[in-house]
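J.: These are the residues of each chain, in order.
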Amino acid sequence: MSSSRRGFITGCSAAVAAYAGTQFNTLAFGDTNGANEDILVSIFLRGGLDGLNLVMPIGGSDRGFYEAARPDIGIPLTGANAALPLNAQLGFHPATNTWPNGSGTPPATLYDLYQDNKLSLVVAAGMNVDNRSHFDSMGYMELGTPGTLSTSTGWLTRHLQTASNLPPEILLPALAVGNLQQASLRGATDAVNMTNPDSFSLNVGPFEWRAAQRVAMRNLYSAESWLHESGSLTLDAIDLIELNSGDGYTPANGALYPGGSFGNHLQTVARMIKTDIGLRVATVDFGGWDTHNGQGNEGGGYYSTHVQELARGLAAFYTDLNGSGAMNYTSRLTVVVQSEFGRRLGENADNGTDHGHGNVMMVMSGNATGGVHGTWPGLAPEQLFDNADLEVTTDYRRVLSEVLIRRMGNNQLRSIFPGYQGYTPLGVVEGVDLPPDDGETIFSDGFETGDLSRWT
Amino acid sequence: MATPIDSQRSDFSRRKLLQAGGLGAAASLVPKVARSEGLPAGRGPAMRRQRQALPEKGLPATPAAGIVALNRMGFGPRPGDIAAFTALGANDPDRVAAYVAQQLDPDSIVDTELDNRLAAAGYESIGISQDPDTYRATLWDWYINDNAPSGNTSSSLPRDELTRATFVRAMYGNKQLVEVMTDFWLNHFNVNINHSSFVRTMYAHMDLVIRLEVMGNFRTMLEAVAGSTAMLYYLDNYTSSNAGPNENFSRELFELHTLGAENYLGVIQQNQVPLDDDGRPIAYVDADVFEATRCFTGWSFSYGVSGDGDTGLFYYRPEWHDRFQKNVLGVFIPQDQAALQDGRDVLDALASHPGTGRHIARKLCRRLIGDDPPQNVIDAAAAVFTAQWQAPDQLQQVYETILLSAEFRTTWGEKIKRPFEIAVSAMRAAGADFTLRMDDSDTSSFLSRYDDTGQELFTWPSPDGFPDVRGAWQSMTPRVAAWRLCNWLIDFDDDADNYYVDVLGQTPGTVRSSNELADFWIQRILYRPMDPADRNEIVQFMAQGINPDFDLNFDDGDTRDRLRAMVGLLLMSPDFLWR
Numbered sequence: 220m221s222s223s224r225r226g227f228i229t230g231c232s233a234a235v236a237a238y239a240g241t242q243f244n245t246l247a248f249g250d251t252n253g254a255n256e257d258i259l260v261s262i263f264l265r266g267g268l269d270g271l272n273l274v275m276p277i278g279g280s281d282r283g284f285y286e287a288a289r290p291d292i293g294i295p296l297t298g299a300n301a302a303l304p305l306n307a308q309l310g311f312h313p314a315t316n317t318w319p320n321g322s323g324t325p326p327a328t329l330y331d332l333y334q335d336n337k338l339s340l341v342v343a344a345g346m347n348v349d350n351r352s353h354f355d356s357m358g359y360m361e362l363g364t365p366g367t368l369s370t371s372t373g374w375l376t377r378h379l380q381t382a383s384n385l386p387p388e389i390l391l392p393a394l395a396v397g398n399l400q401q402a403s404l405r406g407a408t409d410a411v412n413m414t415n416p417d418s419f420s421l422n423v424g425p426f427e428w429r430a431a432q433r434v435a436m437r438n439l440y441s442a443e444s445w446l447h448e449s450g451s452l453t454l455d456a457i458d459l460i461e462l463n464s465g466d467g468y469t470p471a472n473g474a475l476y477p478g479g480s481f482g483n484h485l486q487t488v489a490r491m492i493k494t495d496i497g498l499r500v501a502t503v504d505f506g507g508w509d510t511h512n513g514q515g516n517e518g519g520g521y522y523s524t525h526v527q528e529l530a531r532g533l534a535a536f537y538t539d540l541n542g543s544g545a546m547n548y549t550s551r552l553t554v555v556v557q558s559e560f561g562r563r564l565g566e567n568a569d570n571g572t573d574h575g576h577g578n579v580m581m582v583m584s585g586n587a588t589g590g591v592h593g594t595w596p597g598l599a600p601e602q603l604f605d606n607a608d609l610e611v612t613t614d615y616r617r618v619l620s621e622v623l624i625r626r627m628g629n630n631q632l633r634s635i636f637p638g639y640q641g642y643t644p645l646g647v648v649e650g651v652d653l654p655p656d657d658g659e660t661i662f663s664d665g666f667e668t669g670d671l672s673r674w675t
Numbered sequence: 043m044a045t046p047i048d049s050q051r052s053d054f055s056r057r058k059l060l061q062a063g064g065l066g067a068a069a070s071l072v073p074k075v076a077r078s079e080g081l082p083a084g085r086g087p088a089m090r091r092q093r094q095a096l097p098e099k100g101l102p103a104t105p106a107a108g109i110v111a112l113n114r115m116g117f118g119p120r121p122g123d124i125a126a127f128t129a130l131g132a133n134d135p136d137r138v139a140a141y142v143a144q145q146l147d148p149d150s151i152v153d154t155e156l157d158n159r160l161a162a163a164g165y166e167s168i169g170i171s172q173d174p175d176t177y178r179a180t181l182w183d184w185y186i187n188d189n190a191p192s193g194n195t196s197s198s199l200p201r202d203e204l205t206r207a208t209f210v211r212a213m214y215g216n217k218q219l220v221e222v223m224t225d226f227w228l229n230h231f232n233v234n235i236n237h238s239s240f241v242r243t244m245y246a247h248m249d250l251v252i253r254l255e256v257m258g259n260f261r262t263m264l265e266a267v268a269g270s271t272a273m274l275y276y277l278d279n280y281t282s283s284n285a286g287p288n289e290n291f292s293r294e295l296f297e298l299h300t301l302g303a304e305n306y307l308g309v310i311q312q313n314q315v316p317l318d319d320d321g322r323p324i325a326y327v328d329a330d331v332f333e334a335t336r337c338f339t340g341w342s343f344s345y346g347v348s349g350d351g352d353t354g355l356f357y358y359r360p361e362w363h364d365r366f367q368k369n370v371l372g373v374f375i376p377q378d379q380a381a382l383q384d385g386r387d388v389l390d391a392l393a394s395h396p397g398t399g400r401h402i403a404r405k406l407c408r409r410l411i412g413d414d415p416p417q418n419v420i421d422a423a424a425a426v427f428t429a430q431w432q433a434p435d436q437l438q439q440v441y442e443t444i445l446l447s448a449e450f451r452t453t454w455g456e457k458i459k460r461p462f463e464i465a466v467s468a469m470r471a472a473g474a475d476f477t478l479r480m481d482d483s484d485t486s487s488f489l490s491r492y493d494d495t496g497q498e499l500f501t502w503p504s505p506d507g508f509p510d511v512r513g514a515w516q517s518m519t520p521r522v523a524a525w526r527l528c529n530w531l532i533d534f535d536d537d538a539d540n541y542y543v544d545v546l547g548q549t550p551g552t553v554r555s556s557n558e559l560a561d562f563w564i565q566r567i568l569y570r571p572m573d574p575a576d577r578n579e580i581v582q583f584m585a586q587g588i589n590p591d592f593d594l595n596f597d598d599g600d601t602r603d604r605l606r607a608m609v610g611l612l613l614m615s616p617d618f619l620w621r
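Protein sequences appear in the order of chains F and A.
Take 220 as the starting number for the first sequence in our numbering and just add one per residue.
Take 43 as the starting number for the second sequence in our numbering and just add one per residue.
Please keep in mind that the hints were generated in silico from the structure rather than gathered at the bench.
These numbers were taken from a predicted model, which means no experiment stands behind them.
Beta carbons are placed, not taken as given, at the ideal position from N, Cα and C, and that holds for glycine.
Don't take every hint at face value.
Claimed, not checked - From the structure, some residues in chain F lie toward chain A, with a derived Cβ separation under 8 Å:
| # | residue |
| --- | --- |
| 1 | Thr-414 |
| 2 | Glu-427 |
| 3 | Ser-444 |
| 4 | Thr-453 |
| 5 | Asp-605 |
Claimed, not checked - Chain F residues, not near chain A, derived (Cβ > 12 Å throughout):
| # | residue |
| --- | --- |
| 6 | Glu-256 |
| 7 | Gly-298 |
| 8 | Pro-477 |
| 9 | Arg-490 |
| 10 | Thr-524 |
| 11 | Asn-547 |
| 12 | Arg-551 |
| 13 | Gly-590 |
| 14 | Thr-613 |
| 15 | Gln-640 |
| 16 | Tyr-642 |
| 17 | Thr-643 |
| 18 | Leu-645 |
| 19 | Glu-649 |
Whole structure, please, built from the sequences with the hints as guidance.
T.: In structure tokens form, the structure reads like this:
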């Protein structure tokens with residue numbers, strides 16, 4: 220700490236100095252006069268999660284359609300990889316209920332959290348935009364404007380910009396974990412983007428001149444171009460993060476994160492939440508879901524391992540933040556998990572699945588209502604989208620809007636999801652309802668019909 | 043998959059919709075929050091200085107054309123490069139024209155230093171053969187079938203050697219445009235090298251086929267890439283068959299390799315797509331992807347099944363091919379064509395479509411000029427691309443159109459270097475003497491720091507390639523990691539304590555005062571003067587309170603360290619990042 224401390228004292232600006240002067244008083248920025256204190260963590264599963272193998276029919280006629288369409292990769296009803304019942308109709312992938320080898324008292328699994336009503340599942344969610352492109356679909360979702368990619372801000376950026384119930388000063392409002400800042404935080408210049416706080420530092424170079432370099436860097440980046448400004452904000456962020464890192468991290472409450480970047484990145488979020496410097500929004504990515512090939516048969520293989528990493532990561536994150544007293548963060552925490560689209564009902568000849576449509580969303584929260592939400596559209600051929608994919612019956616923006624209103628206390632849907640209308644809560648989380656400000660029609664969605672007048 | 047951060051992509055269908063609907067003012071319908079608005083006052087990192095964020099302010103003036111050209115057509119100047127550029131002509135347009143002509147004719151360029159360094163590095167898997175099939179069969183035999191002569195048969199070896207060789211070529215090669223464009227096409231046809239052991243091994247073959255065609259013809263490159271082992275495996279076409287078509291490759295072929303998403307109309311019928319003046323569909327729909335998938339069934343490689351020989355070479359499996367008629371982009375494809383012809387018809391239709399020319403011209407201009415390149419240059423390049431789609435020097439002509447435009451040499455500051463460009467240009471400007479090798483802890487040390495920047499070579503996870511817009515690289519992770527890397531580079535020494543960047547050794551003995559040291563190294567790193575206030579910052583850093591006209595004593599270790607730190611500061615400065 221000594222070297223970064225030295226850099227900090229000489230190089231930083233007044234506000235961090237004031238913050239440091241509070242002797243890490245954890246109440247300084249974490250608890251202010253009735254302001255909203257909830258934390259929203261948005262997890263994006265990149266590549267198109269095969270939602271039909273995460274939540275699949277276990278009964279009724281749809282089970283028959285499912286088994287016929289997925290003779291190899293389908294999740295069985297019996298045996299070691301049997302689906303775990305969510306209700307009479309739907310089951311959960313068995314890898315959502317596994318523990319790391321050798322752990323002592325098993326912490327809660329994701330399936331345990333579901334049974335404890337800390338996890339709500341929304342089936343057949345997605346966008347009513349007819350597009351099977353990864354890149355378009357991710358852009359639409361993260362920008363919050365299905366049908367257009369030219370939006371200059373992400374939906375989380377607009378949430379932070381429009382929320383009227385946040386304290387006037389927050390040191391770290393938003394954290395984008397990963398190599399690059401996610402599109403949902405596009406335009407949020409105040410978001411900090413990092414992978415690991417321990418390397419978010421300028422503690423390299425000739426030791427005795429680091430502090431003086433730091434002063435000079437401040438001045439070199441003090442002009443007003445976009446580059447100077449973003450460099451200056453980065454220096455601010457380094458000052459802040461260096462004060463809250465350096466000694467590694469030990470998860471609390473027996474939480475066991477999976478190895479790999481997903482688990483590491485969740486730990487970064489948990490660690491920053493626990494520093495109580497005001498984190499309100501965080502984004503985390505988890506890739507590797509584009510399973511065109513070799514998903515794994517009968518509930519095992521690649522996809523199962525991947526679901527296991529997802530489920531263990533989520534469960535560990537919840538456990539880590541689920542302490543008591545001042546260390547209970549889950550009562551303020553809502554985690555939303557989504558992906559750009561689901562995958563086709565029918566498996567392909569490579570025991571994989573191609574790009575599809577409707578998908579599962581997960582909402583994990585101390586204030587979750589639990590259970591399965593949304594309308595299951597059915598898997599009969601005539602019930603499928605484009606004769607091939609699970610239909611979308613719940614607009615993904617409905618789920619996010621509910622979290623924004625009931626948990627974050629922000630009803631400015633007109634700004635956050637322009638064009639989205641007709642919001643009513645689905646009931647995935649507890650909270651106070653507010654009338655949505657979803658005013659004018661901007662556009663319903665991008666190009667949902669075969670109407671060609673627009674091109675002629 | 044990756045986050046798309048391509049804010050410049052034109053939103054074709056949206057725009058059309060609004061025009062047709064007579065709504066107009068499309069842009070105003072989505073609330074665009076100007077960069078300067080940001081969060082309400084007082085929120086956000088509280089230490090933010092008071093200032094108006096006006097994006098135009100503080101932007102640098104366009105420097106001399108040599109600095110523009112060497113930073114955009116290459117990885118920045120090495121000592122002597124600017125002087126050589128200046129000697130090419132009497133004025134900037136002439137110099138640029140001469141330099142472009144030189145770079146467009148790479149066979150004429152002598153590369154002695156690079157050749158010597160590559161030879162000294164002794165990479166086993168690089169440069170074995172310039173014949174693509176000989177090369178890929180060898181890679182397969184050595185690292186998949188484990189017959190490498192050295193006995194090191196790890197599939198990571200070709201990957202690790204290619205990474206090292208790519209750095210060395212960019213740092214010491216004189217064919218700088220070849221390096222820039224190879225990087226461009228490898229990202230255009232992105233394959234994540236860490237996808238699997240097959241890809242780790244065979245990626246170097248894809249690198250070779252791109253290099254062989256980098257000044258050539260797009261259609262030829264497109265087929266070479268489509269048939270490369272790495273691409274066939276990465277996007278699953280190698281198992282795509284009549285009985286079980288896999289559309290992964292075909293989708294990205296349309297969306298990323300050729301027409302681009304701006305020419306995608308989604309899930310509608312082929313016969314509903316309007317035709318252009320030449321009678322071809324103006325864009326593609328899902329059905330085109332499905333039909334093209336059928337055309338490519340049977341395009342595979344030999345990996346040891348059904349008597350295919352287990353060679354790693356392209357292998358056509360006629361029994362897997364869908365023999366019936368198809369229709370792709372308005373092209374009727376009759377049944378029972380000769381082997382490979384269906385796929386080749388698709389590639390022809392795509393490579394000749396004006397939408398492909400526009401898509402690729404825009405990307406090239408974005409790489410070579412700026413994030414929001416001038417439309418007239420895009421149009422000119424697209425016209426050449428499409429008109430010359432069968433010319434053997436098509437790409438040379440397209441590059442030339444862009445590089446000889448006035449906009450190429452007169453624009454600056456819309457873009458910043460990405461981490462690979464920062465790392466390589468830092469070592470070039472600072473005169474690093476560093477050949478990346480295998481089994482060398484200093485190389486590993488360098489690469490592990492470089493990889494923190496988020497641009498670990500060839501590892502972008504999804505098929506769209508590393509982003510090429512400044513918005514993405516304004517993220518803090520790459521900024522902090524690149525600063526760390528630069529400041530570490532000037533402190534980086536070998537086992538005998540020799541610095542890889544010999545700052546003091548490169549400083550003339552007559553340059554000893556803080557003023558002289560600052561001016562000498564500003565010129566060496568930036569090749570142009572700094573803003574006076576910034577220069578003063580550098581001088582004061584070096585002087586540390588001593589009269590800046592006084593000579594400093596370099597017998598003192600602290601002073602030597604400070605000089606290195608001063609160079610580190612220049613490498614971390616905003617001026618070093620513009621391109």
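J.: Is it the case that F/Gln-640 keeps its Cβ farther than 12 Å from each residue Cβ in chain A?
T.: holds (14 Å)
J.: Grab the minimum beta-carbon distance between F/Thr-524 and chain A and tell me whether it stays above 12 Å.
T.: holds (15 Å)
J.: For F/Gly-298, which was marked as not at the interface, is the minimum beta-carbon distance to chain A over 12 Å?
T.: holds (26 Å)
J.: Would you assess whether F/Glu-649, listed as outside the interface, keeps its beta-carbon beyond 12 Å of every beta-carbon in chain A?
T.: The claim stands: F/Glu-649 keeps its Cβ more than 12 Å from every Cβ of chain A (closest is about 27 Å).
J.: F/Asp-605 was flagged as interface toward chain A. Is the shortest Cβ-Cβ separation under 8 Å?
T.: holds (6 Å)
J.: When the nearest CB of chain A is found for F/Thr-453, is that gap smaller than 8 Å?
T.: holds (5 Å)
J.: Would you check whether F/Ser-444 satisfies its interface hint, that is, whether its CB is within less than 8 Å of any CB in chain A?
T.: Cβ of F/Ser-444 sits 3 Å from chain A, so the hint holds.
J.: Classify the label on F/Tyr-642 as holds or violated, using whether its beta-carbon is more than 12 Å from each beta-carbon of chain A.
T.: holds (17 Å)
J.: Does the closest beta carbon of chain A sit nearer than 8 Å to the beta carbon of F/Thr-414?
T.: Hint on F/Thr-414: holds, closest Cβ of chain A at ~6 Å, below 8 Å.
J.: Was F/Thr-643 rightly flagged as not at the interface, with every chain A Cβ beyond 12 Å?
T.: holds (23 Å)
J.: Are all C-beta atoms of chain A more than 12 Å from that of F/Thr-613?
T.: holds (19 Å)
J.: Taking the minimum C-beta separation from F/Asn-547 to chain A, is that value above 12 Å?
T.: holds (26 Å)
Comparing the model with each numbered hint stated earlier shows that all of them hold.
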